[in-house]
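These are the residues of each chain, in order.
2 protein chains.
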Amino acid sequence: MSLIAKTPAPPYYAVIFSSQRNEDLEGYAATAERMLELAAQQAGFLGVESVREELGITVSYWSDLQSIKSWKAQAEHREAQKMGMEKWYSIYKTRIALVERDYGN
Amino acid sequence: MSLIAKTPAPPYYAVIFSSQRNEDLEGYAATAERMLELAAQQAGFLGVESVREELGITVSYWSDLQSIKSWKAQAEHREAQKMGMEKWYSIYKTRIALVERDYGN
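Sequence order for the protein chains is H and U. For the first sequence, the numbering used here assigns the number 1 to the initial residue and increments by one for each residue that follows. For the second sequence, the numbering used here assigns the number 1 to the initial residue and increments by one for each residue that follows.
Worth double-checking, as some hints may not be accurate.
Identical chains share a label here; the pair holds if one copy fits it or two copies do between them.
[Claimed, not checked] Straight-line Cα separation of at most 30 Å, BS3-like style, residue types lysine-lysine; simulated pairs:
id	residue 1	residue 2
1	K87	K6
2	K87	K69
3	K93	K6
4	K69	K82
5	K72	K87
The set of hints was computed from the structure by calculation and includes no laboratory data. Note that the coordinates shown come from a computational prediction; the quantities given were computed from them, not determined experimentally.
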C-alpha cells in the first residue's frame, strides 16, 4: 500500500512539521489521529505523509496558502496546537513551502 | 538533542524525499549513511531531517536551486539514486519546494 500522498501536478503547497516530543503524552495519540482526520476534511487539502521515530515529520499538502491559513485557524486544530506547544512537543518547527517541481515512479 | 535542522531565515529550499522500500536492502544502510555524510559537504547544504518507519521521509534543506541541481548530478550520488530506483525503493517521490515561511520554538 502506498503511503505517499497522491498530489496533483505542481504548483501546490507543503507544510513540513518537524517535532520531538516530551515524555508525558497524555491525550496525544487520540488528538494526533483526530487532526489527521480533520485535516483531510478541509478545503484545499491534497494529502499527508507522516512518520515518527525520535523525530517526527508530518508533511501535509495544500492547494494554496489560504487553505493552510484556514486550517491553522480552525477551532479544534487551535486547541490541539496549544496542547502541542504547551505540553507534548519539546521542540518543533513548521515550514511552509511552495512545491515547484516533483517527480517519482 | 535536537534532530531538527537549524535552517536560516527563509527563503530557502526543501527537497522532500518520500519512499517505501523493497525487501532486499543489500547495501542500502551503508549507502544511505554515506549520502547523508556527502550531502552535508555540498555547497548550499543547510541541513537534513530524516525519519523512517514503513514510510521514509527525508527532508534536506538547500540555499538555492543550483545547489540542489549540483547535488543531484554528483557522481557518487547518481550511483546511489540508480540503486535506489532499480533496487531499494518500491515507490518514491521527490518534491522540490521553496520555503517561504517558518516558525517554531
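Hint-by-hint comparison with the structure:
1. K87 x K6: For K87 and K6, only the inter-copy Cα distance (22 Å) is at most 30 Å; the intra-copy one is 33 Å.
2. K87 x K69: Intra 23 Å, inter 40 Å, cutoff 30 Å: intra-copy only.
3. K93 x K6: Close inside one copy (24 Å) and across copies (10 Å); limit 30 Å.
4. K69 x K82: Result: close within a single copy only, 16 Å intra versus 39 Å inter.
5. K72 x K87: Classified as within; 18 Å inside a copy, 40 Å across copies.
Against the hints set out earlier in the document, no violation occurs for any number.
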